[in-house]
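Asker: Fit chain B with the ligands to the supplied structure of chain A, relying on the hints for placement.
Each chain, letter by letter, is given below.
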Amino acid sequence: MSTEMNIPDAAARAAARPAAVEGFDTEKMSLSMGPSHPSTHGVLRLQMELDGEVLTKCDPVIGYLHRGDEKIAENMTYNQFVPYTDRLDYLAPLANNMAYAIAVERLAKLEVPARCQAIRVITAEMARISAHLLGLGAFGIDTGAWTVFMYAFTEREKLYTLFEELTGARFTTSYARIGGVARDVPEGWTQKVDAFCDQFLPILEEILALLTRNKIFMDRTVGVGVISREDAIAYGLTGPNLRGSGVPMDLRKDKPYSGYEQYDFDIPVGEHGDCYDRYLVRGEEMRQSVRIIKQAIAKFPSGPWYATDARKIFAPPKDKILSSMEELIQNFMIVTEGPQMPAGEVYFEAENPKGALGFFIVSKGGGVPYRLKIRAPSFCNLSILPKVCVGNLVSDVVSILGSLDFVMGECDR
Amino acid sequence: MAVIPVKRAPLTLAERTYLPQIAAGLKTTLKHMFQPKLTMEYPEQRPAIPPGYRGVPTLVMDPHGREKCVSCQLCEFVCPPKAIRIKPGTVPEGSGREHVEKAPQEFDIDMLRCIYCGLCQEVCPEEAIFLQNQFSMTGYSREEMVNNKARLYELGGTLPDQHFKWDKKKAAAEESADGGSAH
Ligand code: SF4
Ligand code: SF4
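First to last, the sequence lines map onto chains A and B.
Each number in our numbering comes from the position in the first sequence (counting from 1) with 3 added on.
Each number in our numbering comes from the position in the second sequence (counting from 1) with 790 added on.
Do not take every clue at face value.
Taking lysine to any residue and the SDA-like style, the derived pairs with C-alpha atoms no more than 20 Å apart in a straight line are [said to hold, decoys possible]:
#1 A:Lys218 <-> B:Glu805
#2 A:Lys323 <-> B:Glu912
#3 B:Lys955 <-> A:Lys315
#4 A:Lys195 <-> B:Tyr843
#5 A:Lys321 <-> B:Thr948
#6 A:Lys195 <-> B:Lys797
#7 A:Lys60 <-> A:Ser33
#8 A:Lys218 <-> B:Tyr808
#9 B:Lys960 <-> A:Glu329
#10 B:Lys797 <-> A:Leu211
#11 A:Lys74 <-> B:Pro837
#12 B:Lys821 <-> A:Gly249
#13 B:Lys827 <-> A:Thr164
#14 A:Lys323 <-> B:Lys960
#15 B:Lys797 <-> A:Gly249
#16 A:Lys297 <-> A:Pro189
#17 B:Lys797 <-> A:Val250
#18 A:Lys218 <-> B:Thr818
#19 A:Lys302 <-> A:Pro189
#20 A:Lys315 <-> B:Phe867
#21 A:Lys321 <-> B:Asp852
#22 A:Lys218 <-> B:Arg806
#23 A:Lys218 <-> B:Leu809
Rather than coming from a laboratory, the hints here were simulated on the basis of the structure.
Isolated chain A (complex conformation) (with noise of 0.2 Å):
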């Protein structure tokens, strides 16, 4: 009986394989996947070396997509730094920019009002569900499956029509402001996002079920890529990636922030830690996000959106600035010398789609941080690579990319 019937699975197979014959030695090869590779989604480069198909080595190379982000920062003002944190995970654009303006206002120690914390716990969940649909869709076209990823797109259209409406922009939302957000929510537009949670459900599990229970997808999947629960500590994995090997941290349940604590939610964990749990784990939150936003909207709180009393932060309404001298005053000075800051440290980290995404800002007083650093939960995600891609077939390294679901954007800043 020939091995391949002994034991189906090639990678197994290449493993199993009896040990090389003095002097008959099989060549590595090195091979380079990226930076401008389809799977490698975006421009990440893997350097491989390979035994026949089987990796025996895994370097990522990042850094094509380096703009310094963070000393950008310390060259302008706090809110002028907000357009730049959509191009962070510029999946979740929402998503960043809440995250950077509640780390903003722990350093001022300023709490917004409950209408702004439900609207940003609103954008940020539409933004995970938009997240996890570009991450379901793009991951079904690795694995070699198309539909996902136009069903996916279709609903990711309709988040972004949403989003067009409330803040301007479709992608690039630059929605939060220190102390508030851009602009209050339209007439109707809570009612509009409720209807689409209604009818989002259903499509979300016509969308699933092409693949949860498909062969193919399985084969792919199941037991590919396994991240054990030891290693996704380890290696400072968050998210997804890391309830997806079973750890149940969720910063929005363990360290709640902009009201996440009035919200009723499970955590999805995955057991296995391999491409498919991942993958399981994201569909769930998807869910999960709807639930989230059902509440937030049938208790949408009235009343002020951006911290009234906050007068050194948050620049005055438009038409007090036209008719009032003291109103004109503070809004050049909010804008010249930016929002004012007391001096001293702020860590604080949101449970961004990616997983955690933390601003470590340091402040000598006045409207520009000293030094602004981000921890990119992408960039710790794809740390695992070398460990994780060892062993595998080039085509299962394909899947494990795209169950890790990483946006070069943030890893590279």
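Answerer: Showing chain B with the ligands alone in chain A's frame:
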């Protein structure tokens, strides 16, 4: 905290043949085939643009066709990618607006730099700069992509004004001058 482990049941014998998946997949496809089309014939059909959309930044006139910008340069200062360049000038004599004192002599927005963030509109104390509905800017050269003052006003047109700030100021100044001479 409620933690829910995601469920995973082994495939049944029927599912392992892949046949039920093909049937279900075809059913989904057929269903979508007879639903209304979601795509748009773009240049002919245009998407509806919601109010407050952040398109190309433009300069606007007030309903009397007067220039609103006072070249305070706040937008130039705030613009994160430094897309705006303003050369301040004076308001010409005899225009009846001398009390406004300043108006831009040159006002350029480099659309190759602009990131459509809307901060200029947000900070402008005169409501003179607006991001309006146009979203596709193209050109054959770098120079063409810089909108100068004339082009910005052409793109911007006139927007309603609730305040007429400078008219009110002038009226108030005249009133207090009259009141002063009466005493
Ligand atoms: S457009 Fe507005 S902010 Fe810019 S210079 Fe003119 S008045 Fe000032
Ligand atoms: S929209 Fe933003 S980038 Fe463009 S000119 Fe205004 S401030 Fe500058």
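Asker: State for each hint whether it applies.
Answerer: Structure-based check of each hint:
Between lysine 218 of chain A and glutamate 805 of chain B the CA atoms are separated by roughly 7 Å; this keeps the pair inside 20 Å, and the hint holds. For the hint linking lysine 323 of chain A to glutamate 912 of chain B, the alpha-carbon distance of about 13 Å falls within 20 Å, and the restraint holds. Distance restraint check for lysine 955 of chain B and lysine 315 of chain A: the Cα-Cα separation of roughly 24 Å exceeds the 20 Å cut-off, and the hinted pair is therefore not satisfied. For the given pair, lysine 195 of chain A sits about 17 Å from tyrosine 843 of chain B by alpha-carbon distance, which is consistent with the 20 Å threshold.
For the given pair, lysine 321 of chain A sits about 19 Å from threonine 948 of chain B by alpha-carbon distance, which is consistent with the 20 Å threshold. Under the criterion of a C-alpha separation no larger than 20 Å, the hint pairing lysine 195 of chain A with lysine 797 of chain B is inconsistent with the structure, at around 32 Å. For the hint linking lysine 60 of chain A to serine 33 of chain A, the alpha-carbon distance of about 9 Å falls within 20 Å, and the restraint holds. At most 20 Å may separate the alpha-carbon atoms for a hinted pair to count; lysine 218 of chain A and tyrosine 808 of chain B meet this at roughly 6 Å.
At roughly 19 Å between alpha-carbon atoms, lysine 960 of chain B and glutamate 329 of chain A fall within 20 Å of each other, so this suggested pair holds. Using a Cα cut-off of 20 Å, the hinted pair lysine 797 of chain B and leucine 211 of chain A holds, with the two alpha carbons roughly 14 Å apart. About 38 Å separates the Cα atoms of lysine 74 of chain A and proline 837 of chain B, which puts this hinted pair outside 20 Å; it is violated. For the given pair, lysine 821 of chain B sits about 37 Å from glycine 249 of chain A by alpha-carbon distance, which is inconsistent with the 20 Å threshold.
Simply put, lysine 827 of chain B and threonine 164 of chain A have alpha-carbon atoms about 17 Å apart, close enough for the 20 Å limit, and the pair holds. Between lysine 323 of chain A and lysine 960 of chain B, the direct Cα distance comes to roughly 18 Å. Compliance with the 20 Å bound is thereby established for this hinted pair. This hinted pair checks out: lysine 797 of chain B and glycine 249 of chain A have alpha carbons roughly 12 Å apart, not beyond 20 Å. Our distance criterion of 20 Å between C-alpha atoms is met by lysine 297 of chain A and proline 189 of chain A, whose separation comes to about 18 Å.
Among the hinted pairs, lysine 797 of chain B with valine 250 of chain A is consistent with the structure: their alpha-carbon atoms are about 16 Å apart, no more than 20 Å. The straight-line distance between the Cα atoms of lysine 218 of chain A and threonine 818 of chain B is roughly 17 Å, inside the 20 Å bound, and the hint therefore holds. This hinted pair checks out: lysine 302 of chain A and proline 189 of chain A have alpha carbons roughly 17 Å apart, not beyond 20 Å. Note on lysine 315 of chain A and phenylalanine 867 of chain B: the hinted pairing holds, with a Cα-Cα distance of about 18 Å set against a maximum of 20 Å.
For the hint pairing lysine 321 of chain A with aspartate 852 of chain B, the CA-to-CA distance comes to about 16 Å; that is within 20 Å, so the pair holds. Under the criterion of a C-alpha separation no larger than 20 Å, the hint pairing lysine 218 of chain A with arginine 806 of chain B is consistent with the structure, at around 6 Å. The straight-line distance between the Cα atoms of lysine 218 of chain A and leucine 809 of chain B is roughly 10 Å, inside the 20 Å bound, and the hint therefore holds.
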